[in-house]
Structure formats: C-alpha cells, structure tokens
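Enquirer: Listed below are the residues making up each chain.
There are 2 protein chains.
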Amino acid sequence: MAETLTIALDAMGGDQGPEMVIPGAALAAERHPGFSFLLFGDQAKINPVLAKHPKLQKVATVRHTDVAVAMDDKPSQALRRGRGKSSMWQAIDAVRQGEAQAAVSAGNTGALMAMARFILRTVEGIQRPAIAAVWPTMRGQSVVLDVGATVGADARQLLEFAVMGEAMARCLFGVQQPTVGLLNIGVEEIKGNESVKEAGRLLRELNLPLHYHGYVEGDDIGKGTVDVVVTEGFTGNVALKAAEGTAKQISSFLKTALTRTLVAKIGALLASGAFRAFKDRLDPRKHNGGVFLGLNGIVVKSHGGTDAFGFATAVDVAIDMVANGLVAKISEDVAQVNALLTPAATAATAAE
Amino acid sequence: MAETLTIALDAMGGDQGPEMVIPGAALAAERHPGFSFLLFGDQAKINPVLAKHPKLQKVATVRHTDVAVAMDDKPSQALRRGRGKSSMWQAIDAVRQGEAQAAVSAGNTGALMAMARFILRTVEGIQRPAIAAVWPTMRGQSVVLDVGATVGADARQLLEFAVMGEAMARCLFGVQQPTVGLLNIGVEEIKGNESVKEAGRLLRELNLPLHYHGYVEGDDIGKGTVDVVVTEGFTGNVALKAAEGTAKQISSFLKTALTRTLVAKIGALLASGAFRAFKDRLDPRKHNGGVFLGLNGIVVKSHGGTDAFGFATAVDVAIDMVANGLVAKISEDVAQVNALLTPAATAATAAE
Chain P
33 MAETLTIALD AMGGDQGPEM VIPGAALAAE RHPGFSFLLF GDQAKINPVL
83 AKHPKLQKVA TVRHTDVAVA MDDKPSQALR RGRGKSSMWQ AIDAVRQGEA
133 QAAVSAGNTG ALMAMARFIL RTVEGIQRPA IAAVWPTMRG QSVVLDVGAT
183 VGADARQLLE FAVMGEAMAR CLFGVQQPTV GLLNIGVEEI KGNESVKEAG
233 RLLRELNLPL HYHGYVEGDD IGKGTVDVVV TEGFTGNVAL KAAEGTAKQI
283 SSFLKTALTR TLVAKIGALL ASGAFRAFKD RLDPRKHNGG VFLGLNGIVV
333 KSHGGTDAFG FATAVDVAID MVANGLVAKI SEDVAQVNAL LTPAATAATA
383 AE
Chain V
33 MAETLTIALD AMGGDQGPEM VIPGAALAAE RHPGFSFLLF GDQAKINPVL
83 AKHPKLQKVA TVRHTDVAVA MDDKPSQALR RGRGKSSMWQ AIDAVRQGEA
133 QAAVSAGNTG ALMAMARFIL RTVEGIQRPA IAAVWPTMRG QSVVLDVGAT
183 VGADARQLLE FAVMGEAMAR CLFGVQQPTV GLLNIGVEEI KGNESVKEAG
233 RLLRELNLPL HYHGYVEGDD IGKGTVDVVV TEGFTGNVAL KAAEGTAKQI
283 SSFLKTALTR TLVAKIGALL ASGAFRAFKD RLDPRKHNGG VFLGLNGIVV
333 KSHGGTDAFG FATAVDVAID MVANGLVAKI SEDVAQVNAL LTPAATAATA
383 AE
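Protein chains in written order, with the numbering used here: chain P, 33 to 384; chain V, 33 to 384.
Simulated from the structure, these hints should not be mistaken for laboratory data.
Keep in mind that the hints are not guaranteed to be accurate.
One copy or any two copies: either way a pair holds, since identical chains are not told apart in the list.
Simulated pairs of lysine-lysine, DSS-like, Cα-Cα distance not exceeding 25 Å [stated by the list, open to error]:
{"#": "1", "residue 1": "K255", "residue 2": "K229"}
{"#": "2", "residue 1": "K287", "residue 2": "K318"}
{"#": "3", "residue 1": "K87", "residue 2": "K77"}
{"#": "4", "residue 1": "K229", "residue 2": "K87"}
{"#": "5", "residue 1": "K223", "residue 2": "K106"}
{"#": "6", "residue 1": "K106", "residue 2": "K229"}
{"#": "7", "residue 1": "K106", "residue 2": "K117"}
{"#": "8", "residue 1": "K117", "residue 2": "K280"}
{"#": "9", "residue 1": "K90", "residue 2": "K311"}
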C-alpha cells in the first residue's frame with residue numbers, strides 16, 4: 033500500500049458533532065499512522081477543536097459545508113435538504129470519487145443509508161444492502177447482519193448477506209474460514225419461515241466457498257456459536273436491541289443490589305477492579321460501528337450518542353475494512369455465488 | 033367458586049419427569065389450597081414420589097398412562113404415537129372434557145402445541161394460537177407474545193394477539209388497563225413491515241377497549257415500557273432467546289471477573305447477599321410458564337430443564353389464568369373485536 037489511504041468523516045454527525053468526532057478521529061489517527069482524514073462540516077466549529085489535536089491536524093484536511101443533516105430528519109427530507117451540500121453527503125461522495133476509501137458518520141441511520149445507496153449504488157449482483165453489527169460474545173465477537181437495512185429479506189438476499197458477512201468477518205477477525213449460521217427458531221430443517229428454509233437449503237446444497245454451520249437460535253448469538261449470524265433486518269434489529277436492553281437491565285439490577293447495604297458497598301469497593309474488567313468487556317463503545325455492506329464503497333455508522341473513544345472504534349472498523357479490501361472481496365465472492373446461482377448450476381445442484 | 037378447580041399435569045414431561053413434576057405440584061398445591069390435581073403418567077414412577085408429598089397426595093388423583101411423548105419427538109410423530117394414550121394427550125383432553133380447567137406440561141413444545149390445537153381447537157373468531165412468555169423487566173414483568181407458535185403472523189393475527197395478551201395481563205398482573213405495544217424497528221409510523229404497519233393502523237383506528245401505546249422497540253421490552261408486547265412468532269422467539277443468551281453471557285462475564293483475584297473474591301464474598309438478591313430477580317424459574325393463548329382451554333408449557341421450584345411457577349401461572357377466567361375473557365374480547373372488524377364497521381372507522 034504505497035498510496036495514502038484516506039477516511040472521510042462527517043464531522044457534524046452525532047449528538048455532539050465536532051466536539052466528539054474530532055477527538056475520536058485523533059485517537060484513531062494515533063493508532064493508524066498511515067491514514068489521512070477528510071473532515072466535512074462547519075469549519076468555524078471544526079477548526080478550534082482540531083487545533084487542540086496537532087497530530088491529527090497534520091494528516092487532516094477540512095472541507096467546509098454549510099448544511100448538516102439533523103438527527104431526526106427523515107431519510108427523504110435529508111436527501112432533499114442535504115443533497116450535494118451536507119457534510120454527510122460530501123463524506124460519502126468522497127468515497128465515490130476515490131478521494132477516500134471509507135466514510136464514517138454518527139449521523140442518523142436512515143439518512144445515511146438513503147444517501148449511501150443513492151451515491152454509491154449496490155455492488156453488481158447484490159440486490160439489497162445490509163447493516164452489519166459487531167456483537168460481543170462469550171468467545172469474542174461475531175458479525176450479525178442485517179440489523180435494519182432490509183426488512184423482510186428473501187432467501188436470495190439472505191444468501192447475499194451470508195457472503196458479505198463472511199467477507200467482513202475475514203477482514204475484521206483475520207480468520208481464514210469464519211463460520212456462518214442462519215438465525216432460526218430451532219435447529220431442525222423444518223423450522224422457520226419460507227425465506228429462512230429456502231436460504232438454508234441453498235447454503236447446504238450450493239457448493240459455496242464458505243463454512244456454513246447450519247441454523248442457530250437467538251441464544252447462540254451471545255454464546256458465539258458462529259462468527260457470522262445471518263437474518264433479515266426486522267428480526268436482526270429487534271434481537272440487537274432486545275440484547276442491549278437486557279444488558280442495561282442487568283447492569284441496573286446489579287447496581288441496585290450492590291448499593292443496598294453497607295456490607296455490600298464495601299464488598300463492591302473491594303471488587304471494584306473486577307467490576308471494571310467486567311464493565312470493560314461489555315463496554316458498548318468497544319463494539320461501536322455498523323458497517324453498510326453491499327455498496328460500492330465502505331460506510332460505517334457510529335452510534336450517535338457515543339463519545340470520542342466510541343467514535344474511534346467505528347473509525348478503526350472502517351480502517352480494518354479498507355486495509356483488508358472488503359469491497360473487492362465482496363465483489364469477487366458475489367460473482368462466484370452468482371455463477372453458482374445461474375439456472376444451469378442450480379438445476380445441476382438440485383439433481384445431485 | 034364453589035366447585036373444586038382442577039389442574040391436569042403431564043407427569044412425564046421435562047428432562048426429569050415425575051421426579052421434578054410431583055415436587056413442583058406439591059409446592060403449588062401448598063400455595064393454592066383450593067385446587068386439586070390430576071396426574072397423568074406411569075404410576076410405577078409417580079406413586080413412590082407422590083408418597084413423599086402427603087399434602088399433595090390428598091388432593092391428587094393419578095391416572096396411569098403407558099406412553100410418554102419424548103422430548104425430541106417431532107410434532108407429527110408425537111401426534112401419531114401419543115394420540116389418545118400418552119400422558120400429554122390425556123392431560124390436555126382432561127381440559128376438553130371439563131375434568132380439569134388447565135393443563136401443564138414440561139414436555140416438548142412442538143408436540144404440546146400440536147396436540148393442544150388438535151384437542152382444544154382455536155376459540156371462535158381466533159385464527160391462530162400464540163405462546164405468551166412472562167418477561168422480567170425493570171418495572172416488574174411483561175407479557176410478550178407470540179414467542180414461537182405462529183411464524184409470520186399477519187396484521188389481523190397480530191391484532192388478535194394484542195387482545196389475547198391484554199386479557200392475560202389483566203389476569204396475571206391484576207391491572208385494569210394494561211398497556212399494549214406493537215414491536216417494531218422504530219417508533220415512526222412508516223417503520224416496519226406491512227403486517228406491523230397494518231396492525232398498527234388497526235390498533236390506532238379501531239376503537240378497541242384496550243390501551244394501545246403504539247410501537248415499541250427491542251430495548252423497550254426489558255425497560256417494561258408496556259405491559260404487553262405484541263409480535264409474530266419468529267421475531268418473538270429470537271428476541272426471547274437473544275435476551276436469555278445475553279443474561280447468561282453477562283452472568284458468566286461477572287463470574288469470571290469476580291474470581292480472578294483474591295481481593296475480588298473477598299469483595300464478592302462480602303457482597304454475597306447482594307448477589308443473591310440480584311440473581312433472585314433474574315431467576316428464570318420465577319418467570320417460567322409459556323401460556324398457549326387462543327385455544328378453548330388453558331395449556332401452560334414449562335421449561336423442560338427446570339426444577340420443582342420452576343415447575344411450581346408454571347402451575348401458579350395456570351392457576352392464575354383459571355381463577356381469573358382467562359378463556360372467557362378472551363372469547364368476549366374477540367367477539368367485540370370481530371364486531372368492530374366487520375366490513376361496515378371498518379369502513380365507518382376509515383371514513384371518520
């Protein structure tokens with residue numbers, strides 16, 4: 033990699049905008065010395081913060097924009113108001129123009145996906161994009177997709193998600209053959225809805241170059257049974273938020289219990305190092321960054337409410353994907369799958 | 033209630049059969065002195081255990097059966113092998129015949145639902161049954177349905193689930209007007225799939241006698257935002273298991289952290305009372321019992337791997353439903369809804 037790789041940042045995204053994005057970018061820049069950054073947004077707000085981070089300043093270029101997409105803009109509104117001139121639009125457009133290899137925004141998900149699809153278009157052979165989340169598990173981390181881009185994905189789309197998620201897991205975890213599971217409500221072949229059953233059949237019968245594990249259930253996600261969990265956007269979104277809700281609920285129960293008596297408080301104080309290690313493993317900032325898959329370019333969505341540390345994680349994810357050539361991997365894999373899915377190949381497989 | 037109310041138990045269900053079911057029934061019998069019990073199963077296995085619980089023995093009748101449905105029987109297999117003569121079949125059939133007011137089994141869910149539908153049939157006006165789970169929340173408990181009976185429920189069926197879940201919440205929590213939410217991936221009207229959007233429209237526009245809160249998201253379940261969360265069986269099942277998986281994962285992280293150093297161990301020892309209180313709130317045995325809704329009779333499914341304490345909770349749930357006349361409530365409510373859903377009423381509502 034002789035040329036400098038560049039990450040485009042929507043400096044206006046998130047609840048706090050440049051106050052959070054710039055320090056986050058500074059953290060990421062320090063961890064990845066080879067990368068440069070394009071910062072899109074209001075220069076009057078960006079420059080004073082950037083001045084406090086001289087190391088980032090050396091590798092960053094500010095591009096002024098007048099318009100910022102609001103956190104509560106509807107996707108259609110954002111496209112209308114923000115087209116061409118918003119920080120979000122320009123960050124994504126820098127990827128299309130080849131000025132940057134990935135864009136990161138903590139702005140609103142619907143607007144970001146609408147713009148990303150409009151500007152970058154889906155990869156040849158991919159019907160619909162997916163958003164992939166990085167989920168902390170008992171064994172480390174897994175990729176779960178789709179968590180909200182494509183509601184009601186059909187069998188073919190689920191198959192595409194499997195291929196894209198597997199490519200992402202290779203980039204993110206550095207494993208040769210990540211395992212892929214299809215989310216279902218039981219592990220027997222007859223379980224599930226038609227899309228899942230048909231996707232399961234395709235994954236079993238087509239000779240895809242990926243390690244298909246079979247069906248997994250909701251509790252397999254946290255167990256880390258597979259590296260990649262594939263599902264359609266409605267179920268994936270609900271599962272992700274239900275798990276986040278449970279984590280918050282349990283933390284709150286624990287806090288209540290440990291502050292009830294003096295002895296409990298003393299015990300908690302003695303165990304405070306242990307609690308820090310425990311909290312650290314669950315820290316949502318360490319798993320921040322939803323990757324948009326299936327587009328001609330990398331776009332990563334950071335949580336809007338995160339801090340600099342969390343935003344830096346999302347930038348790290350983008351950098352991992354760029355450094356490992358995610359988009360090229362997906363294009364190659366999808367071409368392979370499409371060759372297998374031509375009517376002749378499918379018939380041959382069915383006849384075996 | 034002058035007549036004695038009776039609960040039919042499948043004594044052979046669950047991983048441990050009578051060894052777990054009988055002590056569980058004994059616990060429940062002690063808590064509910066007015067109730068009697070019909071125990072179906074192998075008398076050679078039941079009687080020795082029953083002899084150790086004289087109080088239960090006084091209010092229990094054993095009905096011998098030769099056949100038990102296996103935990104891994106497929107529903108079709110179970111119906112074929114177990115028809116008429118299995119403990120599971122006979123327990124449900126006792127409800128149909130009016131000998132018992134509810135049946136409880138820790139046997140396999142698919143077989144239990146298949147038999148319950150076959151024997152009890154759905155309530156007039158209800159298209160499909162649902163399984164309702166009792167979910168621990170920050171504010172207490174909520175009813176979540178469907179968690180696996182009806183995959184891909186349509187708008188009309190979601191509406192029926194709302195009505196049935198609301199009736200169950202009234203029986204279980206003793207509140208007059210439980211709040212009902214529709215599970216979605218955002219709270220705006222345009223979010224979700226077609227079934228959810230249409231169910232949302234019906235719940236907003238029909239003047240149903242229930243307190244409709246609107247859309248809720250995955251993390252609202254654990255928060256306890258509403259008393260009743262309505263969704264179709266695939267998403268509900270995945271959400272429930274994802275939350276259970278997260279709870280196990282966090283407990284395991286906590287255990288690892290607290291046993292790493294001596295100081296942490298001492299702290300944990302001092303805080304052991306607090307940890308007990310914490311574990312107690314999350315104890316799955318206290319939230320055991322999936323209620324089959326929409327059938328002409330009450331059937332409660334206990335976890336197969338639970339112990340006597342957990343099984344007693346499932347029996348408690350059945351008793352609550354019987355004592356509060358759940359089936360009659362559902363029939364009345366559904367008749368009301370159907371009247372509102374006649375073409376004329378729907379047109380009138382739409383024209384308002």
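Enquirer: Next step is simple, just say for each hint if it's right about the structure.
Expert: Checked hints:
no.	hint	result
1	K255 with K229	within (23 Å within a copy, 33 Å between copies)
2	K287 with K318	both (21 Å within a copy, 21 Å between copies)
3	K87 with K77	within (18 Å within a copy, 76 Å between copies)
4	K229 with K87	neither (52 Å within a copy, 50 Å between copies)
5	K223 with K106	between (37 Å within a copy, 11 Å between copies)
6	K106 with K229	between (34 Å within a copy, 17 Å between copies)
7	K106 with K117	within (17 Å within a copy, 59 Å between copies)
8	K117 with K280	neither (38 Å within a copy, 47 Å between copies)
9	K90 with K311	neither (35 Å within a copy, 52 Å between copies)
Comparing the model with each numbered hint stated earlier shows that hints 4, 8 and 9 do not hold.
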